[in-house]
Amino acid sequence: MTDSMIKLALTKHHADRALAVRLNNGRYSLVFNRPVILLSAGLIVLLILSVLGSLSLGATILNFQTVFDALLGQSTQSQQLLVNEFRLPRVVAGLIAGFALAIAGSLIQNVVRNRLATPDVLGINEGAALLMLIVLVSSNVGLMGPWWVAPVGAFVSGILLLIIAKGLGTQGYRLILVGLALTYLVRSISELMLAHINSLHASATYSWSVGNLNGRGYEVAEPIAIGLAVLLPLVLIISRQLKIFQLGEELASTLGVNIFQTQLTAICLAILFAGLAVGIGGPIGFVAIVAPVIISKILGSTHLAMINTGLLGGILVIVADTLGRFLVAPLEIPVGVLTSILGGPFLLWVLLSNKNT
Amino acid sequence: MFAVKLIKQHNEPNIWLISYLLIAVLAIFLLISLTTGAGYISVGQSLAYLLGQPDAIADNKLASVMETLRMPRTIAAIIIGGCLGVAGTLMQTVTRNPLAEPGLLGVNAGAALGVVIGISFLAAETGYAYLVWAILGALVGSGIILWVANHGSAVVTPVKLVLAGIAISATFHGITSFLLINSQATYDQYRYWVLGSLAGVDLKSISQVSPFLVIGLIASLILTRPLASLMLGDDVAKSLGHKPALTRFIVTITVTLLAGGSVALAGPISFLGLIAPFLARAITGPALFHQLILSALFGALVVLIADICARLIVQPFEASVGVILAIIGAPLLIGLTHSSRFSQLILSKTGS
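So the protein lines, in turn, are chains A and B.
The working numbering applies: residue 1 is where the first sequence begins, and numbers increase by one.
The working numbering applies: residue 1 is where the second sequence begins, and numbers increase by one.
For the record, the hints were derived by calculation from the structure and aren't laboratory data.
Every value quoted in this text rests on a predicted model; they were computed, and no experiment measured them.
Quick reminder that beta carbons are idealized off the backbone N, C-alpha and C, glycines included.
Careful, some of the hints might be misleading.
[Stated by the list, open to error] Here are some chain A residues pointing at chain B (derived, C-beta under 7 Å):
id: 1; residue: R174
id: 2; residue: L177
id: 3; residue: V178
id: 4; residue: A181
id: 5; residue: E191
id: 6; residue: V337
id: 7; residue: G344
id: 8; residue: L347
id: 9; residue: L348
Start from the sequences and build out the full structure, keeping to the hints where you can.
See below:
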């Protein structure tokens, strides 16, 4: 790769100073906006802080020094066990679940062009959880069942949703309403099934069905992280097309964006991401709506910063999970319960503050 | 326009005839409800008891099944169904939103939270204490939702209002779980109750709740005129001598009494406030009084049938009425989004 092939150019982009890296005479290019990069840096700092906080807080509170020592293998065996075997895998799992949920939310919101269209409101998460429950009840697999069941469930409910709602619609309200109805339907079927399995199984499953990271670690986080890593480049390509898409359908199609293909790909990716996230932590609510809204409040609605949104999603889940372990220690509050308590007022605020959601 | 409406009402089907028909159907299902279900009592035995045959009444087991299990839940089903049907109609009228319903809009979740707060912090133990806390919680829920519905300049479409209801419900549910996390026993009890079941109802709790529900029903009959004028717009209502703000306030209290009382009796039941007024509207025109009467009758009928299904579908277990109603209600909601008249109403900006 020669110097002539790599051109660094500073261009004006939305009145922000943007750094564009062009490869192969501009056939491929990466555009970095300064505010986006600054935000990423800030979010990464926040992420590190919340990971440290999550490793140190819980039923037993450790100071940061002990956490560092444990990570480096220089503390007592019980502390190492607590940090490296119990807390770290769970933090990683939560981070990945939050990352996937936030990106899934951002993708659907931008395709449907409605802030309120997220996998939890549309019933996609509940569908994933229901299939997990069906596998659990009808077979004798472990307590949670294989993780890949959730993406399959998400896909089935997503396709069903699109068929029943007859497509996306212009403002997405029909889609949202059908999604709400599906959510209720699926939830009642889950409740009916929960009523028929033995009570020990039922209470564990129930606590997972509201969104819970308890007992989740590398064994589910690893395959899902690999899945996300494979799909993430596709998300970045699609998000650029969605950005052009924001300028309006006509302009986008004259600029060479295939609208149907873009929408379909983005929806499929979103469903997959949501399904993978549910496979880790169950249907954790509101992260998918909260993260994209906060990012667009910070950057302005013209930006579509997928990575930043994902980072924020991870932070939100880790913080909620840590609070859940810390607030009423030694008992635990499932992460989904905390995201619901905090997410409800947030949704209300979004509804009332945006005149055109 | 007004004259047209009056003439149209004249051509409508005879409302009283339909009411009598509904009451007859209700009576049939009342008999079915009293003669089916757990307790290993045959239909013949139950009928013998109901017809007052002396040897059937002398049978202790038969009498206890009928008096402590079947009669209370049948009576409760009819009362709750009627009240929630009326509450749904009132909410839909005052918010001008065909999707408004106590279950979808967070009123039930508020009542549930109220009960749990009562149990957790103030040692509420009796059914009467539950009732008071349920009504207080429901008041908070309906207060917030009506505030949202009439919120200043922001455009609140029917779908947005339902989403606001979901937001409120989610927060209430979250706080409820938060409070219950300490006690597995209370949690199990709460879950049983929260699913909306009529299995545990007894005559004493019905008589405790009744006064609140009766006040709510009387108030809704009195509200018919001011509400009907409100549908024509605030200005018209004012010129007709009504006070829109006062009307809205009394509607809030009335819905709270009806929904809160029902929740205290049988747990939160969703979708009924959507189903019953929908069926009523399919028959009557815009006349609010007729809608209220038919909603009450349809509501009673639907809950009674749902409760019978809940007993029969998964024997020897019981499904909850709430689950059965959600399974009926969700397809109805989907159907509404596809009917062009309703989707215009639901998706339009004003909702009126």
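Going through the hints against the structure:
1. R174: holds, 5 Å
2. L177: holds, 5 Å
3. V178: holds, 5 Å
4. A181: With a minimum Cβ separation of about 4 Å from chain B (threshold 7 Å), the hint on A/A181 holds.
5. E191: Cβ of A/E191 sits 6 Å from chain B, so the hint holds.
6. V337: holds, 5 Å
7. G344: holds, 3 Å
8. L347: holds, 4 Å
9. L348: For A/L348, the interface hint holds, since the closest Cβ of chain B sits about 5 Å away, which is under 7 Å.
Hint compliance for this structure: every hint is met.
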